[in-house]
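*Asks:* Spelled out, the chains give:
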Amino acid sequence: MLLHMLKYDFKIMMKNKSLLFWLIAFPIILGSFFHLAFSSIFDTEFQADAIPVIIIDDEGAEQLSDIMGQVESDGETLFKTEMLSYDKAMKKISDNDAEAALDPKSLKLYMSPDGSSISQTIVKQFIDSYRINTSIITEAYQKDPSKASEVTERLMSDISLIKRGELTEGSLNIFDQYYYNLVAMVAFYGSLVGLSTACRNQANLSASAARKASSPLRKSTAAASGLLSAFFAESICVVSSISYIIFVLGENLGKELPLVYLGGIAGGMTGVSIGYFIGSVGSLPENKKSSIITAFTMTCCFLSGLMDASMKLKIEENVPILNHINPIALISDMFYCLNIYSDHKQYLINLVSVLAVSAVFCALTFIFTRRKKYASL
Amino acid sequence: MSQTIVKIDGLVKRYKELTAVDDLSLEIQEGEILGLLGPNGSGKTTTINCLLSLLSYDEGNIEVFGSKMTPDNYKAKAKIGVISQNVAVFDELNVYENIDYFCGLYIKDKKLRRQYTDEAIEFAGLNDFKKFKPKKLSGGLLRRLNIACGIAHKPSLIILDEPTVAVDPQSRNRILEGIEKLNRDGASIIYTSHYMEEVEQLCSRIIIMDKGKNIASGTKEELKKKVNITETIKAEVRNADEETLSKIKQLPHITSSEYDGKLLTVKCSGGKHNLIRLIEVLNEHELHLGRVYTELPTLNDVFLEITGKQLRDKED
Ligand SMILES: Nc1ncnc2c1ncn2[C@@H]1O[C@H](COP(=O)(O)OP(=O)(O)OP(=O)(O)O)[C@@H](O)[C@H]1O
Ligand SMILES: [Mg+2]
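Residue numbers (the numbering used here), protein chains in the order written: chain U, 1 to 377; chain Z, 1 to 316.
Please keep in mind that the hints were generated in silico from the structure rather than gathered at the bench.
No false leads were mixed into what you were given.
Computed list of lysine-lysine pairs in DSSO-like fashion (alpha-carbon distance at most 27 Å, straight line):
{"#": "1", "chain 1": "U", "residue 1": "K15", "chain 2": "Z", "residue 2": "K136"}
{"#": "2", "chain 1": "U", "residue 1": "K219", "chain 2": "U", "residue 2": "K7"}
{"#": "3", "chain 1": "Z", "residue 1": "K110", "chain 2": "U", "residue 2": "K7"}
All chains, please: the whole structure from these sequences, using the hints.
*Replies:* If you want it as structure tokens, here you go:
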């Protein structure tokens, strides 16, 4: 019985066109779009000259200038820094004599109105990445001071990895965040898979589920088959998205591929179980529930920086709690941790918490679907 | 001795304020085709869903195959086949896969399942459409697929909820013949409909429902005996005047007469020569007669007599 159910549950999922769109086509389109957008920035218009950046003479200016000086490619530095007082810097900016000025303390970025948008984008991306990293340094320091230097060292090497050669191939570290979020989005769209599975099992949501419910099929068998096949289908989607990003687009998602895949699949399971739960409770029709899930996913993606990487930072600064409960942020952080920390401790913590969320929702669903009769169909 | 297959006792189902099924009792004997006849919203589907333990109900007792019907009564469920009012198939699967899927919920043995699936396809006349997705089927074919999915496992109790809605007469006849065949092969059947002709043609016993209540039950002959009317005479007449009409009303055995400017409808109870007497009156007044025909009482008359309203619009 279970095998019979698994076979068909899986088949039905793999033939659901709208699911396939959101889980396979959409990520491929979006990923390719990122790839084109980011690589064209560097491919076509990027001039060989270093980008002139003014660093306002304040606390930390030396260090920042040092780090920016280290960001180089083929022996050529990416940025040409100059230290000036605030007033002079502002004058140069407004006179269009420099592209951008940085305040080393607040990491605030001032940009000239007529500057080259490409150069300015690069500076902005650099400073965003730097900001994320500095908060990680502080965080790591607070957790375990002895590890902090190790993290700092790794970060430095990460930043100095920004080399021209890699730029033209489009694999710039500071853009990785977008791909992390993309994978997290695919993982979380597993909730749509979970939802459609639930609707095939809940007699008040579809006529075919009512027909199933009047057969001798046990509820637990239906739920087990639905969840297992949904996990499996979702894993295929996650694996294909990750593979597309890594092997077709040639982007970097981290050095330890098996762990990257594992993280993605775990995220997918969370998505599926949340969707299955939403599908199993309440009596809203499937299309309403599905709109809710899509809107929720897109909002979470937006907040964790899928559309604009600096979003996550703004949240970290203003409402940090959001980043700790936003499932997309949690999942994308897993990949981030893989890249940033030399040991797997943080990655494992995230992995376990993502799996725990999944287990909690599965358990909740099993409890809810014990309800056997409906008040209304 | 025939066995009682289903026994519903004092069933009450409320949706918030609305009482959809109101103290309904019924029994189905082995080998019967029981018709549940009632207008839209009379509670037929609700009764069926309670019977299947899909819906919770407020009062009453339901026994199927001699044991209390509950959601875990898998033994009883295994012997039931359901054809729901809404087509219940998967759009993603083709005709063959859909039947195989639902058959597989009952039949574990693969070989037997393949045989049953093929037989169901044959039964529903879907041989040429095995690989078709439901979306590609016409309305009638889709209904037939819906039926095939419900009967493939050879259930001994088959519940059909308005299986012929929106089906052309040819497909409808095919479906009705199929149901008769299933019954001949030994299945007991519950058939709900608001088409009285279908129910009259098919069912060995009929329950008429209105507003969730069982308002009359019996064979069609028994039901028709409940009304006074023995025949309804209809005559196409033009320009009948008041005098003629009142004369007609005074004829013996006439219980009511109606005239809409074109058609004269006269209902009679008992007596003989009602038609001849009516025509005589019309001839006396030199009225031109078009078609004249008589109808035996219908279930609609029964419904009308009990509830004071039509079972359904004639154009339906
Ligand atoms: N889920 C529900 N919530 C509230 N009221 C409902 C619900 N389902 C049915 N009803 C009401 O219960 C009554 C009986 O409905 P039911 O579907 O059982 O009628 P029916 O005889 O099957 O009608 P039809 O011939 O149209 O199928 C109707 O008045 C209907 O409006
Ligand atoms: Mg109905």
